[in-house]
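**Q** Take a look at the letters that make up each chain.
There are 2 protein chains.
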Amino acid sequence: MTYELYYWPGVQGRGEFVRLTLEDAGADYVDVARLPDGPHGGTQALLKMLEAPPHGHPSLAPPFLKAGRDLIGQTANILLYLAPKLGLAPRGEAARLWAHQLQLTLIDLMAEVHDTHHPIAGSLYYEDQRDEALRRSRYLRRERLPKYLGYFERTLADNASGRQRVLVGNAVSYADLSLFQVIEGLRYAFPRAQRRLEKRLPACVALHDRMAARPRLAAYLASDRRVPFNNDGIFRHYPELDA
Amino acid sequence: MTYELYYWPGVQGRGEFVRLTLEDAGADYVDVARLPDGPHGGTQALLKMLEAPPHGHPSLAPPFLKAGRDLIGQTANILLYLAPKLGLAPRGEAARLWAHQLQLTLIDLMAEVHDTHHPIAGSLYYEDQRDEALRRSRYLRRERLPKYLGYFERTLADNASGRQRVLVGNAVSYADLSLFQVIEGLRYAFPRAQRRLEKRLPACVALHDRMAARPRLAAYLASDRRVPFNNDGIFRHYPELDA
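Chains as they are written, first to last, in the working numbering: chain A, 1313 to 1555; chain B, 1313 to 1555.
No lab work stands behind these hints, which were simulated from the structure alone.
Since we're looking at a predicted model, the values are computed, not measured.
Where hints are given, some of them may not hold.
[Unchecked claim] Partial chain A-side listing against chain B, Cβ under 10 Å, derived:
#	residue
1	I1390
2	E1424
3	D1427
[Claimed, not checked] Below, simulated BS3-like cross-link-like pairs (lysine-lysine); rule was C-alpha separation at most 30 Å, straight line:
#	chain 1	residue 1	chain 2	residue 2
4	B	K1360	B	K1397
5	A	K1511	B	K1360
6	A	K1360	B	K1511
7	A	K1511	A	K1459
8	A	K1397	B	K1397
9	B	K1511	B	K1459
10	A	K1360	A	K1397
11	B	K1360	A	K1360
12	A	K1459	B	K1360
Note that CB positions come from ideal geometry on N, CA and C, so glycine has one too.
The following block holds chain A by itself, in its conformation from the complex:
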């Protein structure tokens, strides 16, 4: 079966968590909105599946995944469904819930990062909420990033069963790929703050580097399937927000 991923074509955003899992597993998938425009590709195809999916279960927003007749939305939910099928989830209910909990926590962090540049409304330009953005990003850098990243650092350190030093159990899971992505994004968005923070995050940095070296992931990151970071996405680089 060919999985169909539906996400905005010009950004990494939340969809990137799903792309990384599909790519690292070498799964057969199409990134629908990045195909040429037409009945089965492009943004029009995404909007059609968002508004009126043939078998129900519409999402409030992308990403969503079509797998045969199943349509699954909400990023963490997609991974909950997908990763076990691709060999990137831990075994057993307790470990699966734990990986899902970590993924949900990373998604919470993404929402906070988004709101550093859009603290008032997603429908307004950054420039129209820049004062508030300056104020909010200071708290993200000083309070929230240390809290979140310190949590993941401790989680890695506490996982004694992981000789490979992964987040859950003793094998790489989608949660590790997601933590890699968050570190990449923070390095792009807040390079100065992140450089300082990473001095106290050796386990996170080591995990990041091991993920980047995985052959399929490395090939993906070097390909044009990887949308570059840019200032339309969730992780945006405005130097004034990293000052």
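Use these hints to put chain B onto chain A, whose structure you have.
**A** Just chain B now, with coordinates in the frame of chain A:
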């Protein structure tokens, strides 16, 4: 087995979604932080389990649920685990993922509601971010609430299998209890805006009323186990934010 719920004692917050499911099912549980202070109760017991749980899997923040040796955090993840055991989840993988997707969408809405009164930082007082709160709440009322609530209204209307008019399948699930809670919260926080919105939400209002009439839920809502809404929680009533 007695479930142990850990959540801040003075507010409904995200923990209320878990409380409603436990209460509606008549489950055996303790609300640990609301017990008298001591080694096994009160806020101290919550903080201890947050920082150093005996069998690992700490959460970044409450709520979390202890079930025997299992410790599960992230509200939607707790319900994913708990509701099937209490007869409040649909049967089958596709329906369970759909209910979880709806729950995650309600949690997203909660985060946006929280940020109407704390658009800059959770660590600052409301009064120190009131100007930004006025601006952000306007967008929530005009753009986000119609979008979210319209989505749930359509979801109810589209569920032809539900003679009972529930969100998923043909029996009440935790997602219905959660939608009830969000409507209650919005009525408390934004009574003027919500009154206008509800004119176009007949299915949501009908679901809300049916949930409120369920005997165990009604008994809970009338009891002192239900923390009243207040201005320390996520749904807060500041008249200026509803103007």
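**Q** Each hint: holds or not?
**A** So, going through the hints one by one against the coordinates:
1. With its C-beta approaching chain B no nearer than about 9 Å, I1390 (chain A) sits inside the 10 Å limit, and its interface hint holds.
2. Because the closest C-beta pair between E1424 (chain A) and chain B is about 9 Å apart, less than 10 Å, the hint holds.
3. A cut of 10 Å between beta carbons decides the hint on D1427 (chain A): the least distance to chain B is about 7 Å, and the hint holds.
4. Between the alpha carbons of K1360 (chain B) and K1397 (chain B) the distance comes to roughly 27 Å, so the proposed pair stays at or under 30 Å and holds.
5. A threshold of 30 Å between alpha carbons decides the hint, and for K1511 (chain A) with K1360 (chain B) the separation of about 28 Å falls inside it, so the pair holds.
6. A hinted pair counts as satisfied when its Cα atoms are at most 30 Å apart, and K1360 (chain A) with K1511 (chain B) qualifies at roughly 28 Å.
7. Note on K1511 (chain A) and K1459 (chain A): the hinted pairing holds, with a Cα-Cα distance of about 15 Å set against a maximum of 30 Å.
8. Our distance criterion of 30 Å between C-alpha atoms is met by K1397 (chain A) and K1397 (chain B), whose separation comes to about 24 Å.
9. Of the supplied pair hints, the one linking K1511 (chain B) and K1459 (chain B) holds, its CA atoms being roughly 15 Å apart against a limit of 30 Å.
10. The suggested pairing of K1360 (chain A) with K1397 (chain A) holds, with an alpha-carbon distance near 27 Å, which does not exceed 30 Å.
11. At roughly 49 Å between alpha-carbon atoms, K1360 (chain B) and K1360 (chain A) are farther apart than 30 Å, so this suggested pair is violated.
12. Only pairs whose Cα atoms come within 30 Å are accepted, and K1459 (chain A) paired with K1360 (chain B) is accepted, the gap being roughly 17 Å.
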